[in-house]
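So the sequence lines, in the order shown, correspond to chains Y and B. Under our numbering, the first residue of the first sequence is numbered 1, with each subsequent residue one higher. Under our numbering, the first residue of the second sequence is numbered 1, with each subsequent residue one higher.
Check before you lean on any hint, since a few could be wrong.
Said to hold, decoys possible - Here are the computed lysine to aspartate or glutamate pairs in the EDC-like style, where the Cα-Cα straight-line distance is at most 20 Å: (1) Lys246/B to Glu169/Y; (2) Lys187/B to Glu151/B; (3) Lys114/Y to Glu104/B; (4) Lys99/Y to Glu137/Y.
Claimed, not checked - Partial chain Y-side listing against chain B, Cβ under 7 Å, derived: (5) Asp139; (6) Asn161; (7) Pro227.
No lab work stands behind these hints, which were simulated from the structure alone. Computed from a prediction, not measured in an experiment: that's the story for all the values here. Every residue gets a Cβ at the ideal spot worked out from N, C-alpha and C, and that includes glycine.
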Amino acid sequence: MADDSPEKDRPVAPAGGSAEPPKSDPNDTSAGPPSAELKDAAKPVAPSTPTAPVAPQASATPAATKPAAPAARPVAPAAPKEPAIKPLPLDNELVQRMKSRFGSAIQEAWLDRKQSIIVVACGLLAEVARSCRDDEEFDMLTDLTAVDWPKREKRFDVVLNLYSFARNERLRLKAMAAENESVPTLCAVWPAANWMEREVFDMFGLVFEGHPNLQRILMPDEWEGYPLRKDYDILRQDTAWVRENLGIESGQ
Amino acid sequence: MDERSIHGMSGASATVLGADEIILNMGPQHPSTHGVLRVKLKLDGERVVGTECIIGYLHRGVEKIAEHRSYQQFAPYVDRMDYVAAVSNGLGYCEAVEKLLGAEAPPRARVVRTILTELQRIASHLLWLGTHALDIGALTPVFYCFREREEILKIFEKYCGARLTTHAFRIGGLQYETYDGFEADTKRFCDDFAHKIDEYETLLTENRIWVERTKGVGILSAEDAIALSVTGPVLRASGVKWDIRKAMPYAAYDQYEFEIPTRENGDTYDRYLVRMEEMRQSRRICLQAVENIPSGPIMGKVGKVLKPPPGEVYHAIEAPKGELGYYIISDGTTQPYRLRVRPPSFINLQAFDSMARGGLVADVVAIIGTIDIVLGEVDR
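The following block holds chain Y by itself, in its conformation from the complex (with noise of 0.2 Å):
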C-alpha cells in the first residue's frame, strides 16, 4: 500500500467528468472565476485588469478586445501565472506525529483552501482514527463519506471529517479503497460512523468489515446497484424493483 503513488491520483487531476485536462487551466484560475465567452479572450485581458475579473464587465468587453488580443499575448501568461487557488503541501507538528506513529501508512499531507487533508492507508484506517480520537483530540467525527474516481485503480476515497473541540481545528482523513476492498469500520471508534457507512454502503457499494449492521439505509432493501457510483446513470433506476413494488413501468 505504502508503494502506490498516489500523487498521480490526486484530486486535482481527477479522473472522470473532466471536460478538459485540468493541466491547462491554471491560467483560467488566476483570474478568478472567467465566465465561458471571456475564455478566449482570458489571456490578453486578465494581466492589463486583473483587478476586475468582474463578469457583467468581463462579458461586455470581449468583442472590443479582440483585435487587441494578439498583440498582448506575449506578454500576457508571466504576470498571473501563479494560480490562486492551489494544494500546498503539509507538514506541520501534527503531521509528523502521525508519521513517527504510523510510518509510511500516513501517504500524503496536504492543505487545500487552508483545510488539512491526510491521505492514510486504508487497512489502517481504524487505528489512525483511534489514534486522532485518543493522542489528538479530533474527539467527534463530524462525517463520513466516500467518493468515486472510476479511472483509479482503487476507485474510492473513504473521506472522514474529524473535528477537534480543543483545538477548534477540522481535520480530513482519506483512505483509498478498490471495489473489491473491505474498509475497516469505525463504529468502535466513534458509534456515530454506524449510519454514515451504511449510507457509504448503500450508495456506493462499499463494504465495512466488522460493522454491526451493514444494511442499506435509504434505498429499499432489495434494490439493485449503487446510486452514486459515477457508473451509475443520473436517470438509471432498478426497474424491476419499481414495477414489483410501485406497479408500474417506471418511477421517472
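Assemble chain B onto chain Y, guided by the hints.
Showing chain B alone in chain Y's frame:
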C-alpha cells in the same frame, strides 16, 4: 455505551422476541413522526427495549442531482432538504461554493444574510415548539407559534417572493436588494417577539403536565452526544458549549454579541429551554444587525459561469438543527464532481435509540419531537 445500544435491534434480533415482548410499528404515516419516519419499537409492556428507525421514504438523490447541475442550478435544491429552514440551507451552500471559488460576499450581503438566517432560525424553532407541544398534548402553543412564524414568512415573502423554499441568496451575495421597510418590519417583529416568547413560557415552562412529560425523558449525556456526533441544540442541552457561529464564525456573526445557551441534564425539558433561549438570542442578533446594515454592493466578484479551481472544501454552518456541512469537490468544470451534504437531522436521529431505550412507549413521541428532525433532510 456498548455497541448493542447503538445499532438497536436489527436483523435477527428484531425477530427474536421474549415471551412478554411485542413489536410495535410507528409510522411512516403517524402524525407525530413529523413526516415519513417509521420506527419499529420492541416493547416489554410499556418499556421500550429496542428501536429501529427506517428511513429513506423521501430519498431523492440530492447528492446525485448535484453532480449533474451547475453550481447555480443546484442552489434551489438545497432549500428542499430542510424545508422549514430553507434560508439556512442556502446560506451554507452559497458560502461553501464561495469558499471553493475563493470569493467572498460583500459586507452588506453578509449582514442581510445574517438577519434572514436568524429570522429563519426563529421560524424553525417556532415550528418545532408548536408541533412538539402538540405531540405532547398542549394544543394552544401551536396557534401562537404559527401566528409569529407567519410574520417571519411575510418578511421572506416581501424580500424574495417565496415563503418556504426561498432561494434567498445567490453564490457571491444576494440577488435582491432589501425592500423598503425591511429594517422596520424586522425591528417591529423583534420588538413584539420578546413578549411572545414570555407568553409561550407561561404556557409551558412551569406547566406541571409539560414538566412531567419532559423532565428526565430521553436523557443524552455529553459523552454520548459527542460520540454520536450530535450537534446543535441537542448537544448544547447536554452541556457542551459549542456553536459554530462562535467557534468558526461565518457570515457576519463575529460582529454581534450573543450567548450560547447550554443546560446540564440533556433531557427533553432542557432541550426545550435551550431552544427557547436560542430564539431570544437570535432576536438579539437581528436587532443588532438591523440597526447598522452597511451600504454598498450586494453581489461579490463572481462570474456568470462558475468554474471553481480543482480541489475541495468543507464548510459548515450552525443551522437551526445542528451542524449543516457541505463537502464539495471541484474538478474545474461547471458542475461539482462530488457534493456531500452533512445533514444534522440524519445524524442527530441516530441518537434516538440511546434516548428512547429503557423509556416508556408514550415518551417516544416526545423524544422524536425533541430531536427536531425534518425528514426531507434525513433522507435527502
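Flag every earlier hint the structure violates by its number, smallest first. Violated: none.
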